[in-house]
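There are 2 protein chains.
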Amino acid sequence: MSNEVVLTGDRPTGPLHLGHYVGSLLNRVKFQEEYKQYILIADVQALTDNYDNPQKVRDNVLQVALDYLAVGIDPNKSTIFIQSLIPQIAELTVFYMNLVTLNRLKRNPTVKTEIIQKGFGESLPVGFLVYPISQAADITIVQGTLVPVGEDQLPMIEQANEIIRSFNNIYKTEVFSNIRAIIPEVPRLSGIDGKAKMSKSLGNAIYLSDSSDDLRKKVMSMYTDSGHLRVEDPGKIEGNVVFTYLDVFDIDKVKVAQLKEHYQKGGLGDVVLKKYLFEVLENIISPIRQKRQEFAKDPSYVMEILKKGTQTTLETAENTMSKVRQAMKLNYFD
Amino acid sequence: MSNEVVLTGDRPTGPLHLGHYVGSLLNRVKFQEEYKQYILIADVQALTDNYDNPQKVRDNVLQVALDYLAVGIDPNKSTIFIQSLIPQIAELTVFYMNLVTLNRLKRNPTVKTEIIQKGFGESLPVGFLVYPISQAADITIVQGTLVPVGEDQLPMIEQANEIIRSFNNIYKTEVFSNIRAIIPEVPRLSGIDGKAKMSKSLGNAIYLSDSSDDLRKKVMSMYTDSGHLRVEDPGKIEGNVVFTYLDVFDIDKVKVAQLKEHYQKGGLGDVVLKKYLFEVLENIISPIRQKRQEFAKDPSYVMEILKKGTQTTLETAENTMSKVRQAMKLNYFD
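Quick mapping for you: the protein sequence lines, in order, are chains Z and R. If you're matching positions, the first sequence starts at 1 in this note's numbering and goes up one per residue. If you're matching positions, the second sequence starts at 1 in this note's numbering and goes up one per residue.
Chain Z extracted, bound-state conformation (with noise of 0.2 Å):
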């Protein structure tokens, strides 16, 4: 096994979605045999801008771990972590604000982005700001080496790295290593009605824990080709989500190939098509909503595993802090 540890996670702010298994998830279930893996559910985070919705934020911690368990992440062999359980990582946000100038903050792209997309203008919260400095000490309590992203989060990488040469260089310590991101090579899912991104709040996802009648739905309202109007038409392929989805989930690629081929010529049904689409999903995520429902049986279970895994963070937290508190000559009565 590598030395490498790697930091992920999610925050818990509603069920996981396809997006979500193609993107991440799938890439955990194969990390984990290769790396030590931290997966944390970011409730802090999500906190920063659902402060005012705390019920939402406590009941998608289980519902997200849900999630991970009916994917087939292992607690034996992942760490789940709750993060607001973790004060270590408080302790090492506030240290790290000294490291980080206004400007620098303000000046990071990925917050810049999601500043305007959020729609906060005049009444932007401390915490959200700060948020890329709060996602270093969440990488770096666990001593994280490696962490998965999607292009679009490389400045927070870069942020975090500044971050541990300014400590390291200021303190005179190496007690934290350089982070490197792995951009995963994975298709961006499309959601259903063709939207460039899967997400809750644009309400064109499709659930881990959807129903098999649910998925139907879905599939069957899905985007295809507005000037497909009768089946002898020909139809398009691009931006035809069926097809992105087949792509993706279908790992019969001939099949594909055939269909794709006799929807342009024409005679080829939507209906069929997604009829053919709906039992490709369902033949995924029916064993994951069937080991879903179990887990979700027991629910103590589940928070079982959780607090296993924060335990477990913990130690490693303390172990970091210790070393920090050296470093900054805090450790007044060791």
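No wet-lab data here; the hints were simulated from the structure. A portion of the hints provided could be inaccurate.
It does not matter which identical chain is meant; a pair holds if it fits inside one copy or across any two.
[Unchecked claim] With a cut-off of at most 20 Å between alpha-carbon atoms, the simulated DMTMM-like pairs for lysine to aspartate or glutamate come out as follows: (1) Lys329 / Asp52; (2) Lys106 / Glu122; (3) Lys260 / Asp250; (4) Lys253 / Glu185.
Fit chain R to the given chain Z structure using the hints.
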């Protein structure tokens, strides 16, 4: 004894001086008889603008504690604690950051003034900007209700009360009570050079730890009246530091009145006058110095006091945080 809880403290960036003595230390010796009193040695806050000099901060934790004990702060009556050892303050700071907007923080008059004074310009560390939020956490983590401050610090209390109101309102709780500022009626002590404020950075301070010799030299170099060149000349009282100090420190008010009259008439030399002030100050500082030297012989005893105070504070802080987590629905394992 009152139900009020006093929170007060100092940044450990240097030993304490006569300005602290009349401005806050004497009051604390009184307050500890009337209130539950927590005294914070604010090393985390000191690091916000001394992050690159942690040794200075560390060393002064002991120096400040020695000053406390020397002036009569009694660890059996007051709880003295070290900020960095209370992780709950950082946790609460992170939660509070969601309740304050960046614009609100930038409008804080105290912070605005200090940013200019410290010349941060474009490179303002986030930690410094955020310190009114962490001060709110300092106060509320011990459920403080009374905070002795100077007039210039009132905006900090206002900011803290805004945070408390938001917190109680958003999380439908009454965990925090409104904070009241106590503005003690104390003279603001000018520096020995006559500048408005006695401060370490201005190099115009008389320390509680000054030797008898140092004290004499400082008194002898005091600014009096630049027009008072010969003994027989009439001298001015206004702006004359020696008289300012006599007004504050000499309990023999009749004697001070006589000296003033004599000085204004002419015939009272600066040297005679300063020698008298030296005696007055030496009578005050000498027992403090002696007590300080006693404690300084056994730093481990002093550190033990800080350890105990910190332990007591940790219990209070954990109690507060357990209410906070309940209100924020982050009590996953209760």
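Are the CA atoms of Lys253 and Glu185 at most 20 Å apart within a copy, between copies, both, or neither?
-> Within. Shortest intra-copy distance 18 Å satisfies the 20 Å Cα cut-off; inter-copy 83 Å does not.
Have a look at Lys329 and Asp52 and pick one of within, between, both or neither, based on CA distance no larger than 20 Å.
-> Between copies only: 11 Å across, 38 Å inside.
Within, between, both or neither: Lys260, Asp250 at alpha-carbon 20 Å = Within one copy only: 13 Å inside, 98 Å across.
Status of Glu122 relative to Lys106 across identical chains (alpha carbons, at most 20 Å) | both (14 Å within a copy, 12 Å between copies)
When the structure is compared with the earlier hints, no violation turns up for any of them.
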